[in-house]
Amino acid sequence: MPEQQFVRLDKANILEMTVGFLKQRANSSFARGFSQCLQETLRHVSLHADLTHDDRESIKRFYVLQRTNQMRLMASTQRGLVHRSAKRSSSRVPLWRPWKNN
Numbered sequence: 001m002p003e004q005q006f007v008r009l010d011k012a013n014i015l016e017m018t019v020g021f022l023k024q025r026a027n028s029s030f031a032r033g034f035s036q037c038l039q040e041t042l043r044h045v046s047l048h049a050d051l052t053h054d055d056r057e058s059i060k061r062f063y064v065l066q067r068t069n070q071m072r073l074m075a076s077t078q079r080g081l082v083h084r085s086a087k088r089s090s091s092r093v094p095l096w097r098p099w100k101n102n
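Residue numbering for the sequence shown follows the UniProt record's numbering, starting at 1 and increasing by one per position.
Worth flagging that the hints you see were computed from the coordinates, not collected in a lab. Please read these numbers as outputs of a predicted model, since none were measured by experiment. Each hint should be verified, as a subset may be incorrect.
What the hints assert, rightly or not - Below 25 Å or equal to it, Euclidean Cα-Cα: the simulated SDA-like pairs (lysine to any residue) are: (1) K60 x D50; (2) K60 x T41; (3) K60 x A75; (4) K11 x K23; (5) K60 x H44; (6) K11 x W99; (7) K60 x F34; (8) K23 x H44; (9) K60 x M71; (10) K60 x W99; (11) K11 x R25.
What the hints assert, rightly or not - FRET-style restraints, in silico, Cβ to Cβ: (12) N13 x W99: 15 to 23 Å; (13) S76 x L9: 19 to 27 Å; (14) F30 x R56: 22 to 30 Å; (15) D54 x L15: 51 to 59 Å; (16) V19 x D54: 29 to 37 Å.
Cβ coordinates follow ideal geometry from the N, Cα and C atoms, glycine included.
Assemble the whole structure, with the sequences as input and the hints as a guide.
As structure tokens, this is what we get:
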């Protein structure tokens, strides 16, 4: 039977992963709220202001760029969390525990 390595997560690792997840979740909530606010503002401006076709196209480009950047940021944040936790758990030297004799 091939030798299998099981990684046992320490409390510190679990806490670090939890904090990272919650930060990412908060950033995601903020980004969604910002995007919704921007969308409502643009809708209001486009309904109640005398905008030229060029003005409307500029607003549309701005909104599309903002959404694209938001999606890229969220994707890179998620990849970073997964990569960082995998890297740390695989390259760590076991913690010294005085109550355990190895």
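A quick look at each hint next to the structure:
no., hint, result
1, K60 x D50, "holds, 15 Å"
2, K60 x T41, "holds, 12 Å"
3, K60 x A75, "holds, 23 Å"
4, K11 x K23, "holds, 18 Å"
5, K60 x H44, "holds, 13 Å"
6, K11 x W99, "holds, 17 Å"
7, K60 x F34, "holds, 16 Å"
8, K23 x H44, "violated, 31 Å"
9, K60 x M71, "holds, 17 Å"
10, K60 x W99, "violated, 63 Å"
11, K11 x R25, "holds, 21 Å"
12, N13 x W99: 15 to 23 Å, "holds, 19 Å"
13, S76 x L9: 19 to 27 Å, "holds, 24 Å"
14, F30 x R56: 22 to 30 Å, "holds, 27 Å"
15, D54 x L15: 51 to 59 Å, "holds, 52 Å"
16, V19 x D54: 29 to 37 Å, "violated, 46 Å"
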